[in-house]
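A.B. asks: Read left to right, the sequence shown gives residues 16 to 148 (my numbering).
Because the hints were derived from the structure by calculation, they are not lab data.
Some hints here could point you the wrong way.
[To be verified] Here are the simulated BS3-like cross-link-like pairs (lysine-lysine), alpha carbons at most 30 Å apart as the crow flies: (1) K136 / K110; (2) K136 / K57; (3) K110 / K57.
[Said to hold, decoys possible] Beta-carbon label-pair distances, calculated as ranges: (4) V64 / V34: 13 to 21 Å; (5) I109 / T26: 45 to 53 Å; (6) S63 / T31: 12 to 20 Å; (7) R145 / L117: 54 to 62 Å; (8) D135 / E21: 54 to 62 Å; (9) A36 / E65: 46 to 54 Å.
Here a beta-carbon is modelled for each residue, glycine too, at the ideal position from N, C-alpha and C.
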Amino acid sequence: MSRPGEDIVRTWIIVTVVVVAVLAASAFYLLRPNPNVGDESKLERTYSVEEQRRLDTVTVTGAELAAATCLDGARCYVAVQDVVYDMSGFPSWIKQGRHHGLQAGTDATAAFVRSGHARDKLQSMPVVGRLHR
Numbered sequence: 016m017s018r019p020g021e022d023i024v025r026t027w028i029i030v031t032v033v034v035v036a037v038l039a040a041s042a043f044y045l046l047r048p049n050p051n052v053g054d055e056s057k058l059e060r061t062y063s064v065e066e067q068r069r070l071d072t073v074t075v076t077g078a079e080l081a082a083a084t085c086l087d088g089a090r091c092y093v094a095v096q097d098v099v100y101d102m103s104g105f106p107s108w109i110k111q112g113r114h115h116g117l118q119a120g121t122d123a124t125a126a127f128v129r130s131g132h133a134r135d136k137l138q139s140m141p142v143v144g145r146l147h148r
């Protein structure tokens, strides 16, 4: 037979252990390193025949890229490794003209490498043409 209050103490110990275990598991999951951050291999991309045709025939100047800020009806472009991509299909870009602090109309190569985005994100971005510097 248990003493008065022993069941309450036992219940609190069990609840505390469960809460600590859940918090530890959550911290481990949230704090684990993202394998995509810093991975330059995600810059390697294949192009469809149509995308390659655009790269061979469409040139975007630095001034045109800089003007493509997504704001006030402007086009919505970023460049990654001198390939210009149309970001107008991505709502976060259209609403603010930026995504995770990166401004539209700029070269996003370094930011893309630093990001947690995987290789398939670049593959999904529509090609506009080649950046002419």
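A.B. asks: Look at each hint and say if it fits the structure.
C.D. replies: The hints, checked one at a time:
1. K136 / K110: holds, 19 Å
2. K136 / K57: Measuring from Cα to Cα gives roughly 9 Å; hence the hint holds.
3. K110 / K57: holds, 26 Å
4. V64 / V34: 13 to 21 Å: violated, 56 Å
5. I109 / T26: 45 to 53 Å: Once the Cβ atoms are compared, 52 Å apart, the range 45 to 53 Å for T26 and I109 holds.
6. S63 / T31: 12 to 20 Å: Hint violated: Cβ distance 56 Å, outside 12 to 20 Å.
7. R145 / L117: 54 to 62 Å: violated, 20 Å
8. D135 / E21: 54 to 62 Å: holds, 56 Å
9. A36 / E65: 46 to 54 Å: holds, 52 Å
The structure shown violates the earlier hints numbered 4, 6, 7.
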